[in-house]
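Protein chains in written order, with this note's numbering: chain W, 2 to 517; chain A, 463 to 548.
Everything labelled a hint here was simulated from the structure, so no lab data went into it. Where hints are given, some of them may not hold.
Here are some, though not all, of the chain W residues that point toward chain A, as calculated from beta-carbon distances under 8 Å [as the list claims (entries may be wrong)]: (1) Phe-171; (2) Leu-175; (3) Leu-192; (4) Leu-339.
For glycine and all other residues, C-beta sits at the position ideal for the given N, C-alpha and C.
Listed below are the residues making up each chain.
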Amino acid sequence: MKDGFRQSMAWLHTWSGLLFGWLLFVIFVCGTISYFQEEVTRWMQPEVTTPSDPVAAADGAARWLAANASGSSAWYITLPGDRAATTALFWTPAEDGPAGGVTEMTLDGRGNPVTARDTAGGYFLYRFHYDLHYLPVIWARYLVGIAAMFMLMAILSGIVTHKKIFADFFMLRLGKGQRSWLDAHNVTAVLALPFHLMITYTGLVTLEGQLSPAPVAALYANRSEFFAEAFPVAGAPESQGEAAPLASFSAMMKEARLQWGMDVGHIFVSRPGDAVARVTLTSAPGASMDARGKMLQFDGVTGRLMGEGVPKGAVQRIEGVMIGIHAGRYADAVLRWLYFLSGVGGTTMVVSGLVLWTVKRRSKLTDPQRPHFGFRVVERLNIAVVAGFPLAIAVYFLANRLLPVDLPDRAEWEVDCLFLAWLGAGIFAVLRPVRRGWIELCRCNALLFAAVPLVSAAATARNLPASLMSGDWVFAGFELMMLALAFGFAFAANRLALVGSRHALKRPGKREQVVA
Amino acid sequence: MIVHALLLLLATASFLALCMATPRGAVIGHGLARKQTANLRPIGWGLIALAFAIACAWFGPGRGVILFLGYATVGGAIVVALANRH
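Produce the entire structure from the sequences given, and follow the hints as far as they go.
Quick look at the structure:
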C-alpha cells in the first residue's frame, strides 16, 4: 500500500481508470451520440419524409393493425413526435396464428409500412452503450455495470487526488506535453463534474435490478413474482367472446393532452376488437422527467376515461426520474445540446486520462525505444480504441449509404461493417509505429467523416446545401457535425505531426515523448 | 429563449469574475489593481447564486438545477478557453 491517503487515492484513480478506460470511452461516445439517437435514425432513413403528427399516426397504426394483426390480444404502439418520424408496432401473435410470424412493423406518419432502407440507426449505438454486441446481453450489462462502478471509484478518488481543484480551476497550459494532458484531464473532469457524477450514478441505477439482486431475492420467491407486482400489466378483464370495434384513438389522445398538457408517446391496447378492450396511453418521452411517464386508461369500445391505469409507488417514480435524468429524453433542444456537450467533456476526460497514463510513464522508462510489454499494450489499445472506434462509427454511417438497399439482413450488415472497420483499425494500430499510427488513423478519420456528407449526397436524393436551404436541421445538423469531426481529426493529426517534428529537432532520440 | 441566453451570460460572467480573481486570471484581468480583483470573488459567487435562483424560479427545481449545471459547465469552458487563448 502506498503511504498517505492522497497517494492511495491517486493509485486507485490511476488503475481503476485505466482498467476499464477503453470500455468507458466506447460507452461515453455511444452514450453521447444517443442523446440524438432519433435524429441519427432519421438521417439513416433518408426515404422517410412523411409528417410525424402523433394523432394521425395513431389512427393509421390502428387501421393497419386491425387489418394485419387480427386475433392478437395486445398491441404496443410507439408514436412519432417532435424528433422521431416513424411509428413502431409490436403485437402478440394470435393464438391460432402461424408460429414464428412477424409481430413487429414500422409505419410512416400516414400509417403505411416504411419502405426505407433496413437500418438499426441511432438505436444500435444507444443499445451498444449498455448491451454491447456479439455477446449475451446479461453478461454485457454486468461488464458495463462493473465499468460504471470503476468509473465512480475513479471520479471520487480523482476528486481527492486533485490537490488544487479551485486554484487550478481555469488552468489549461497547451503545448507543454505531460502538463497539458494533465490540465486537459483536470479541466474536462472538473467543469462537467456534476454531469460525470450524475451520469455514472444514474447509469448504475438503470442496471440496479441486475447489479443488486439481493433485496428482490430476500423478499420474493422468484423474479417473476417481483415483476408481476412491480410492473403489473394494465390489461383488460377476461374476454366474454363478444366482438366490438375499437374506438378512435384521436378522442382519447385529445383527452390525455388536456389532462397532461403534453403529447402521447405510447399506446397499449389490451384485447383489441373485443367488447372488454382497454387502451392505455403513456405520455411522450419529452413530457416528463420520469422515464416511465404518465398513464391514462380508457375503455377501448366507448373511449371513456377509466383512470390512471396502474398507479406507481414513490420508489418507482424516483427511480423513473433517475433514469430519466440519465437518458435525457425529457430534454428540449437546448438542454439536449448541454447534455451532448457534457458528454463530449466526459469523452475528452477519458481520452486525456488514458493518454496521460502513457505520457507520464514514457519519461520514466529505462529504455524508451523498447518499453515493457504492459506499456506497449496500453499504448496500442489507446490508438485502437481512441482513434479506431470513431473510424468504425464513420464507416457505420458510410455503410448506411453504400450497402445495397435490398441486401438481406442489411441492418446487421451495417453493424458488421462497424466492427470489421474497428478490427482493421486495431490491427493497423498494432502494426504501425506509435506516432505514425496516431497521425495516420486521425487523418483517415478526417477523410472518412468528411466523406459522409459527400457520399450521402451522391447516394441519396438529399444533400447538405439543399438541407440548409430548406431548413432541415436534422439532416443539416448531422452532416455539419460530420464535417466538424473531420476538421477536429485533421487538426489533431496536423498538431501531432507538428509537435512531433518540432520536438525531434530539439531533442533527437526522445521525440516520441510528447505523443502518447 | 431569453432566459437561456441570460443563464449562459450569467454563468460565463460569474466564472470570468472568479477567474480574474485568481493569480492565473491576470491573463484576462490584465492591469487590474489588487484592490479591484479582491471584489471579484464575491461578485463571481453572487452571479452564480443569481443564475441558480433564476434557473430554479423559471424552470422549477428539477429542470432548473440541471439547466443551471449545464450552463455552468459551458460558461466555465468558455472562460477556460478565454483565459488560455495564448
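Hints versus structure:
1. Phe-171: Cβ of W:Phe-171 sits 5 Å from chain A, so the hint holds.
2. Leu-175: holds (7 Å)
3. Leu-192: Where the cut-off is 8 Å and the nearest Cβ of chain A is about 4 Å from W:Leu-192, the hint holds.
4. Leu-339: For W:Leu-339, the interface hint holds, since the closest Cβ of chain A sits about 3 Å away, which is under 8 Å.
Every hint from the earlier list agrees with this structure, and none is contradicted.
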